[in-house]
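Generate coordinates for the entire structure from the input sequences, incorporating the hints supplied.
Chains as they are written, first to last, in our numbering: chain C, 615 to 864; chain W, 559 to 865; chain S, 144 to 539.
Hints in this document: simulated from the structure, not taken from any laboratory.
A quick note: this is a predicted structure, and the numbers were derived from the prediction, not measured.
Glycine included, each C-beta is placed from N, C-alpha and C at the ideal position.
Be a bit skeptical, because a hint or two may be false.
[Claimed, not checked] Now the in silico label distances, taken between C-beta atoms and shown as ranges: (1) W:TYR857 - S:LYS178: 30 to 36 Å; (2) S:LYS145 - W:TYR744: 26 to 32 Å; (3) S:ARG420 - C:ASN818: 29 to 35 Å; (4) C:ASP827 - W:ALA750: 28 to 34 Å.
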Amino acid sequence: MLTIDAKNVDFYYSDFHALKNINLEVEQNKVVAFIGPSGCGKSTFLRILNRMNDLIDGTRLTGSVLIEGEDIYAPGVYVDELRKKVGMVFQKPNPFPKSIFENVAYGLRVNGIKDNTFIEERVIESIKSAALWDEVKDKLKKSAFALSGGQQQRLCIARALAISPKVLLMDEPASALDPISTAKIEELIYELKKDYTIVIVTHNMQQASRVSDKTAYFYLGELIEYDATTRIFTNPKEISTQNYITGRFG
Amino acid sequence: MKKEKNIENNTNSNNSSIVRGSNSSKRWSQAIAFTIFKLMSYSVVAILILILGFIVSKGIGAISWDFLTKAPEDGMTKGGIYPAIVGTLYLVLGSSLFSFPIGIMSGIYMNEYAAGSKIATFIRIMTNNLSGVPSVVFGLFGMSLFVNTMGFGDSILAGSLTLGLLSLPLVIRTTEESLKAIDFSYREGSLALGATKLQTIRKVVLPMAFPNIITGLILSIGRVSGETAPILFTVAAYFLPKLPTSIFDQVMALPYHLYVITTSGTNIEASREIAYGTALVLIFIVLLVNILSTILRNYFSKKVKTN
Amino acid sequence: MKVKRFLEKLVEGALLISGSVTSITILLIVLFLFKEAAGLFNSPVIEEGYVLAMNKSNPVKKLTSYQIKEIFDAEITNWDEIGGKEEPIEVVRLSDLTKYYTEEELGAEFENIPAKASELTAKHPGIILFLPEQYVAKNFDGTLLKHEKLQPGDFFGGNEWYPTASPSAQYGLLPLLLGTIWVSLGAILLSLPFGIAVAVYLAEIAKMRVRNVLKPLIELLAGIPSVVYGFFGLVVIVPFLQQTFLLPVGETALAGSIVLGIMALPTIITVAEDAMRNVPRSTKEASLALGATQWQTIYRVIIPYSKSGITSAAVLGIGRAIGETMAVLMVTGNAAVIPHTLLEPVRTIPATIAAELGEAPVGSGHYQALFALGCVLFLITMIISISIEFIGKKKY
Ligand SMILES: Nc1ncnc2c1ncn2[C@@H]1O[C@H](COP(=O)(O)OP(=O)(O)OP(=O)(O)O)[C@@H](O)[C@H]1O
Ligand SMILES: [Mg+2]
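And the structure:
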């Protein structure tokens with residue numbers, strides 16, 4: 615079964631036609647990178663996958679998006695359940711004004727888990743998976759704002775992992791970080807791939823080629839090309855893709 | 559047992575649906591909370607409509623041409639409220655003459671000359687403090703300074719100055735905010751063409767900020783016309799059939815008139831009709847002020863956009 | 144060119160002067176209020192033009208304003224209650240002299256009153272005689288109380304506000320202060336839940352279209368003059384309370400609280416809603432992306448995040464309520480007694496000023512006492528303004 619299966623997706627912000635007839639499939643435990651020039655609709659499509667765009671007034675979607683075979687835009691769908699299964703990491707680290715521990719525990723608590731020993735185990739496990747444990751193990755009760763930007767971003771990843779999503783959406787997760795933190799996040803993505811299906815938006819070609827199995831190139835709201843990453847970066851079919859990855863683009 | 563299952567559901571949900579979880583309690587609490595908030599919000603609206611509806615329905619019968627253009631008669635149980643309307647107009651005019659120039663100038667100083675400086679912060683704090691001072695304290699102050707110390711007596715002058723000081727913070731704040739909303743690039747554009755700071759403010763900044771400033775001024779007029787406590791001891795007269803002839807005369811005023819005929823008139827019951835009418839006129843002023851400021855804001859913002 | 148430069152400087156100077164007007168006003172308010180009020184503690188305890196006389200042997204040589212009132216109200220009847228000997232108090236006013244002396248003895252033109260008053264005071268060890276100054280003999284045989292000054296304790300600690308009491312007017316702050324606090328607290332307890340609910344609804348729940356209708360309506364609520372609220376309270380809420388709770392009078396602290404609560408709503412709603420709108424979108428999205436419902440996001444993230452804004456809203460609302468004059472004056476019944484329940488009439492500080500300043504002769508003790516009330520009110524609102532400044536600076 616495909617993990618993500620988008621069919622004929624069109625998306626509108628009020629009158630603005632932001633995505634045009636997108637068809638895209640993602641298999642389980644694969645990493646897919648979205649690339650393309652600014653404003654081409656990468657974030658928009660990513661946010662379609664956990665229905666984050668519902669928060670914006672006047673948006674409209676046609677076509678269908680299936681995750682693990684279920685239409686996530688069907689009537690009767692609970693968005694909070696969907697978002698529990700499809701986690702998201704944002705461009706800028708956005709920890710809550712709470713302690714490090716409570717940040718990671720948040721998702722468990724809002725999903726009705728009350729067993730404190732379980733929460734503690736899960737929090738530690740997630741922080742370890744996010745490769746943050748050694749740096750924060752002595753200050754779990756400290757405010758999350760006391761961490762560096764890169765640490766905050768890994769905390770946000772830990773937070774997303776704690777509720778065991780199946781899919782992890784990452785919107786330029788390293789764009790606000792220094793090279794060392796970026797390298798750490800990339801390593802982490804490589805590790806996480808074993809357990810999760812990952813979709814990552816990036817402006818960094820090297821990053822896309824390093825971390826992803828498949829790459830999708832968007833341009834002006836259209837999905838121009840979607841193929842194995844090696845293929846896209848060595849021998850793209852479309853001239854537009856070629857221009858973009860070689861930096862000859864506008 | 560139940561706990562175990564819960565954890566299962568939340569961690570390894572291999573066989574559960576992606577979009578239809580079992581955790582319904584959080585959705586229930588959301589539904590309940592939102593219903594409560596909605597009900598509370600609508601009850602606030604209901605109260606507003608009750609107040610407005612009550613006064614409009616009771617007061618509309620009292621309104622007539624004579625009511626608006628005749629002086630009170632028979633111990634204020636009959637006749638009109640013309641002197642009070644005129645008095646309130648004078649007070650609004652007098653206080654505006656004082657507070658508009660000073661308020662707008664302060665706002666300009668804070669945003670154009672001292673933006674971000676200690677002085678601007680200080681002025682802002684003082685202005686905020688002044689806006690927190692209760693109106694009755696303004697009344698005391700006005701009586702002590704203008705009426706007694708400066709010897710203006712109970713007069714339009716003393717009342718206008720008191721009301722002017724009261725509305726000053728509102729004028730300053732709206733001016734400052736209107737100016738702040740204008741992008742800095744417009745100023746740079748003008749300065750780059752060799753215009754002086756003053757010219758830039760006069761020719762570029764003020765015209766652009768004008769619509770918002772005007773809106774603030776209108777709101778301050780609304781506020782001034784309804785104030786009672788500051789005029790109690792500085793200008794308001796219980797009953798004066800004649801119109802004032804100088805700024806050292808006392809006047810009647812709408813809010814004070816409403817107060818006296820409902821609490822200490824010669825015949826409170828007989829004045830009820832007049833009271834409802836006066837309240838309606840006051841509400842009408844507020845409505846007018848709000849509608850006018852909204853229209854102006856929309857009109858100007860459209861104009862700025864199309865330009 | 145020089146002229147132009149000079150003009151620029153001139154204008155800047157004029158603008159600076161305008162900018163200083165609010166600061167100067169605050170300074171002047173402080174100056175004038177405190178100047179008028181300070182006279183209060185220099186004014187005599189005993190009614191102007193009168194003295195109190197006591198027997199020489201009486202060890203009590205000083206009386207506070209409150210003690211004098213209690214004595215003349217026959218609440219204190221023995222000198223030992225106020226630190227004197229065991230001796231019943233004998234209260235004598237000028238008119239009472241006829242009980243002790245015949246009209247002939249006092250003289251046709253009352254020319255003998257000074258001598259007789261002196262004699263009477265000397266003879267009765269328990270006497271306290273209230274006498275116009277003009278009838279005090281040169282060689283009066285007794286203790287005279289006339290230069291007693293009102294003490295700060297009489298004002299700040301006084302339990303009674305009774306400015307027309309004779310021989311000693313009572314300027315006790317406490318009943319008015321407590322009245323103000325009762326009414327304002329009641330108001331805020333009523334309006335805070337509604338205010339926050341509406342703020343949450345407007346900021347997070349309501350659709351754009353609903354918000355666009357509700358917002359202006361609430362602004363309208365803010366613009367209605369306080370006399371109109373007072374009038375509405377008087378003709379609708381007061382009779383309603385009277386019938387519902389079967390009260391002798393409907394003008395009660397509760398009526399004041401309800402009216403003030405309605406009046407404080409727009410302030411609370413606007414400030415709290417602004418605070419909630421200032422919660423970064425990314426923080427909200429972070430919560431939703433973890434599977435939290437909207438409501439969970441509101442109470443776990445948005446409300447804690449905007450705590451300081453909501454606190455400001457509450458404090459600001461209290462400030463408005465404490466200073467509000469006309470509406471309260473019209474619906475609370477204005478009884479200057481310390482209230483025990485919300486269903487009794489009370490009198491607040493602003494209402495007292497508004498109601499009594501017109502009758503108090505300029506410069507009299509009563510007038511000064513009202514200015515002292517103004518000072519108290521001013522100080523309370525200053526503290527509130529400053530604490531809001533302080534709360535606003537704190538992040539979470
Ligand atoms: N809330 C919104 N309302 C209206 N239009 C929007 C909104 N968000 C995005 N758009 C428009 O949709 C288009 C796609 O935006 P999107 O954010 O998906 O681009 P992107 O590919 O993620 O760009 P970037 O690389 O800069 O993040 C853009 O033209 C943008 O202007
Ligand atoms: Mg983007």
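Each hint, compared with the structure:
Checking the proposed 30 to 36 Å range against W:TYR857 and S:LYS178 shows it is violated: the Cβ atoms sit about 49 Å from each other. Here the CB-CB span from S:LYS145 to W:TYR744 is close to 28 Å, well matched to the stated 26 to 32 Å. For S:ARG420 and C:ASN818, the hinted distance range of 29 to 35 Å is satisfied, since their beta carbons lie about 34 Å from each other. Taken as a hint, the range 28 to 34 Å is violated for the pair C:ASP827 and W:ALA750, whose Cβ atoms sit roughly 53 Å apart.
In this structure, the earlier hints numbered 1, 4 are contradicted, and the remaining ones agree with it.
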